[in-house]
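Working from the sequences, and respecting the hints, build out all of it.
Note that the protein sequences, when read in sequence, are chains A and B. Take the first sequence: its position 137, counted from the start at 1, is 137 in our numbering, and no numbers get skipped. Take the second sequence: its position 217, counted from the start at 1, is 217 in our numbering, and no numbers get skipped.
Where hints are given, some of them may not hold.
Said to hold, decoys possible - What follows is a set of in silico ranges between Cβ atoms, one per label pair, in the way DEER data are often shown:
no. : chain 1 : residue 1 : chain 2 : residue 2 : range
1   : B       : Ser345    : A       : Ser56     : 45 to 55 angstroms
2   : B       : Ala253    : A       : Val321    : 49 to 59 angstroms
3   : B       : Val274    : A       : Glu109    : 49 to 59 angstroms
Unchecked claim - Over 12 angstroms on every C-beta distance to chain A, these chain B residues come out as not near it, computed from the model:
no. : residue
4   : Val18
5   : Leu73
6   : Ala81
7   : Ser142
8   : Leu201
9   : His204
10  : Val213
11  : Val254
12  : Ala262
13  : Asp265
14  : Ile308
For the record, the hints were derived by calculation from the structure and aren't laboratory data. As the structure is a prediction and not an experimental result, all values here were calculated from the model. Beta carbons: idealized from backbone N, C-alpha and C, even for Gly.
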Amino acid sequence: MAKVEFRHVVKRFGDVEVIPDLSLTIEDGEFVALLGPSGCGKSTSLFMLAGIYLPSGGELLFDGCIVNEVEAKDRNVGIVFQSYALYPHMTVRDNVLFPLRFKRMPREEVLGRVIRAANLVQVEELLDRRPSELSGGQQQRVALARALVKEPQLLLLDEPLSNLDATLRLTMRTEIKSLQKKLGVTTVLVTHDQIEATTMADRIICMRAGRIEQIGTPDDLYRRPESLFIASFIGSPPINTISGEARDGVMCAGAVGFPFEGAPGAVTVGLRPELLRFTGSGLSGRIAQMEPMGREILYVVDTDLGYLRVLEHGSVAAHAVGEPVSIGFSPDDSLVFDTASERLITTARVGPPA
Amino acid sequence: MVAPGVFGDLPSGPAAAVDWDRMASRARSLRRGKAAALYAFLIAVSLPIILPYFWLVTIAFSAKTGVADTLVLWRSMAVFAPAVIAFWLVAMLAQNRRQLWLGITAIALIAMLAFALLVGPDLHLRNFIFLVEPDFASIVRSRVGEVRGAIQFPSVWRAFGNSILIAGAQTVIVLTVASLAAYYLSRFQFPGRAAMLRSLLVLHAFPVLTLIVPMFLMLYWIGLLDTLFGVILVLVAFELPFAIFIMKGFFDAVPWDIEMSALTDGASRRQAFVWVVLPQVRNGLLAIAVFTFIRGWEEYIFVFTFLIRNTNWTMSLYMYYVRDDVMGVNYGVVSAVGVFYLVPSLILYLAAQRYLMQISIGGVKG
Ligand SMILES: Nc1ncnc2c1ncn2[C@@H]1O[C@H](COP(=O)(O)OP(=O)(O)OP(=O)(O)O)[C@@H](O)[C@H]1O
Ligand SMILES: [Mg+2]
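In structure tokens, the structure reads:
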């Protein structure tokens with residue numbers, strides 16, 4: 001198990017600077033998620049950890065030792081690729097055994113470890129099959145077994161669930177999380193799926209264009225996003241945003257005035273769909289669309305300020321399409337961002353129009 | 001859902017009654033006609049392709065010294081041609097695999113029986129005398145009473161060994177160099193990579209024969225003229241560009257991530273290459289191996305130019321000189337040498353064809 005540290009790490013591909021300056025610490029035994037949109041440099045960071053890419057600058061430390069120059073094969077890192085990258089010409093047994101082939105180890109111990117790793121992810125019946133004869137979920141487990149069999153000090157998962165169907169994804173999410181807790185191995189999960197990140201990780205590192213946007217627990221990121229980017233990236237269905245101009249006590253957006261508390265200036269207000277309610281007074285509009293989501297119903301409301309999403313509990317629709325409604329919310333649930341810098345203004349509040 | 005009237009006013013109702021039976025029977029006869037035409041074509045094409053080989057074998061086992069006997073050939077053909085036609089007819093008419101195999105077995109049995117009756121009495125092994133008697137030319141000639149001027153032949157096994165050596169060594173070198181070079185070209189960026197790829201193709205475009213004089217001079221000056229090693233080097237040089245190009249296509253198709261995975265699993269770059277990447281391009285290696293070996297096995301013009309001593313003769317040279325020396329006397333011996341020369345490449349193809357069939361050159365790109 002290891003504590004991992006990035007110190008001002010830079011990565012360039014030719015002239016393209018993919019990661020300008022990355023500094024972060026991952027504690028021993030921690031499960032962190034690297035979350036960010038496609039192309040933001042998540043895989044690149046992961047591959048630097050694995051030793052596949054050499055950092056162009058800065059330092060990478062395992063347990064306080066600089067490992068920049070240490071070769072991939074000596075890092076004792078287990079990795080599950082997005083494509084699983086199983087060796088197609090080998091049986092599952094040989095795939096799982098492969099990492100042990102390069103360690104001097106007695107034959108019985110090797111086979112014992114393979115069986116234990118296979119048991120851990122429940123693929124013991126599949127040991128004699130080839131990867132092409134496995135389902136996506138089974139391949140994923142085998143890849144996990146192969147990553148775990150050498151008892152790595154660091155486990156890297158590159159979007160391991162993206163090829164699975166929704167139910168299987170749910171199961172594997174739980175399984176990977178409990179496995180990680182059981183083994184206590186430091187784990188980095190790369191994903192662009194915020195639900196995956198929030199459900200599995202102890203801590204989320206949100207990245208954008210090679211930079212860290214915010215680090216925090218899933219709850220931090222959800223309740224106190226430091227920037228508009230995080231606020232819109234985390235949460236499903238996505239947050240509603242209203243841009244306006246704040247002056248003494250009022251924020252004007254279009255023709256609507258919201259009670260405002262805070263310093264004047266151009267602001268953007270973020271309102272979570274599940275924190276909006278249909279009330280007697282507030283922002284008026286008309287229900288344009290209704291999306292039943294099982295235990296909840298998502299209403300898309302056409303207001304003067306554009307479409308707003310409102311999430312209501314209950315599986316029976318209380319409102320019909322075309323019905324006029326007014327939307328209310330508590331000022332404490334509003335998130336106010338500075339429009340220019342997109343940073344959160346922690347002291348500002350916005351209430352529903354009277 | 002389609003709104004009414006989108007397709008205009010279609011005729012509807014029972015007014016447009018269709019004679020399905022007539023249409024079905026027309027389609028059926030059309031299909032039969034096409035199948036018949038196809039099989040007629042196959043018969044017409046396959047006969048002249050297979051016949052020479054068939055004759056070669058028949059002559060090798062039946063021709064006698066000094067006798068220009070074509071009667072046996074006609075008789076063998078009377079067995080062979082109907083057999084081929086019957087084969088295609090069975091292929092056309094068989095409803096399933098079982099019928100097909102039954103039909104083919106029946107045809108084969110009948111054909112073999114007819115062959116044994118019509119041609120069998122003429123068959124003998126005397127034309128294969130060259131396998132045991134290096135000086136067979138004198139013996140063959142003495143049967144017709146003119147011994148003078150016979151060429152001194154080396155043992156055919158010597159020529160056979162030389163050919164195996166040339167083809168085998170060439171194959172091993174080409175496989176090794178081509179897979180390493182192609183891997184490097186596929187995986188690494190370096191200055192001049194694009195130019196190198198382009199020149200690989202251009203190199204292969206030259207007719208190799210044009211270089212025969214400079215090659216002769218080069219070998220002469222290096223001191224490799226009239227050595228097997230010299231010929232092997234020349235052949236390797238001419239075979240490599242295309243082999244590299246083909247192999248690069250195969251390596252390009254191997255995903256990066258299994259290689260990266262091998263590296264993080266503790267393999268060195270070389271181990272990852274051997275354990276993980278090479279098995280993925282096995283079919284490519286096999287194709288290159290078979291074609292390179294065959295190419296070396298049938299090589300004629302370079303060995304003819306660069307090898308002089310008769311102990312350095314390859315099978316192609318042996319064949320050439322046999323033809324030169326005893327053709328007029330006994331074409332049975334020439335055919336027998338031909339059969340002997342043919343057998344190894346035939347065996348190789350049969351052994352490898354299962355893999356060769358899986359190869360598509362579609363994976364190749366620049
Ligand atoms: N070998 C490379 N050469 C040049 N540019 C590269 C290379 N690998 C990645 N990049 C670039 O670096 C950026 C980050 O790539 P990376 O693979 O880390 O993205 P990612 O965050 O993993 O995205 P995704 O979620 O789509 O996998 C991308 O813009 C990509 O184009
Ligand atoms: Mg990625």
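Each hint tested on the structure:
1. Serine 345 (chain B) and serine 56 (chain A) have their C-beta atoms about 54 angstroms apart, which keeps the hinted 45 to 55 angstroms range intact.
2. Between alanine 253 (chain B) and valine 321 (chain A) the Cβ separation comes to about 52 angstroms, which falls inside the hinted range of 49 to 59 angstroms.
3. Checking the proposed 49 to 59 angstroms range against valine 274 (chain B) and glutamate 109 (chain A) shows it is violated: the Cβ atoms sit about 24 angstroms from each other.
4. Consistency note on valine 18 (chain B): stated as away from chain A, and its beta-carbon is indeed over 12 angstroms from all of that chain's, at 45 angstroms minimum.
5. Under the 12 angstroms C-beta cut-off, the non-interface status given to leucine 73 (chain B) relative to chain A holds; the minimum distance is some 50 angstroms.
6. At roughly 46 angstroms, the least C-beta separation between alanine 81 (chain B) and chain A is larger than 12 angstroms, which holds for a residue marked as non-interface.
7. Separation of serine 142 (chain B) from chain A is adequate, the least Cβ-Cβ distance of about 60 angstroms exceeding the 12 angstroms criterion.
8. With a closest Cβ-Cβ approach of about 27 angstroms to chain A, leucine 201 (chain B) is found to remain outside the 12 angstroms limit, as its non-interface label requires.
9. Histidine 204 (chain B), annotated as away from the interface, keeps every beta carbon of chain A farther than 12 angstroms; the closest lies near 30 angstroms.
10. The beta carbon of valine 213 (chain B) sits about 46 angstroms from the closest Cβ of chain A, which is more than 12 angstroms, so the claim that it is off the interface holds.
11. Consistency note on valine 254 (chain B): stated as away from chain A, yet its beta-carbon is not over 12 angstroms from all of that chain's, at 10 angstroms minimum.
12. Its closest Cβ contact with chain A, about 7 angstroms, brings alanine 262 (chain B) to no more than 12 angstroms, contrary to its assignment away from the interface.
13. In this structure aspartate 265 (chain B) is not separated from chain A by more than 12 angstroms, as the shortest Cβ-Cβ distance comes to only about 4 angstroms.
14. For isoleucine 308 (chain B), the non-interface assignment is confirmed: its Cβ lies about 47 angstroms from the closest Cβ of chain A, beyond the 12 angstroms cut-off.
When the structure is compared with the earlier hints, violations turn up for hints 3, 11, 12 and 13 and for no others.
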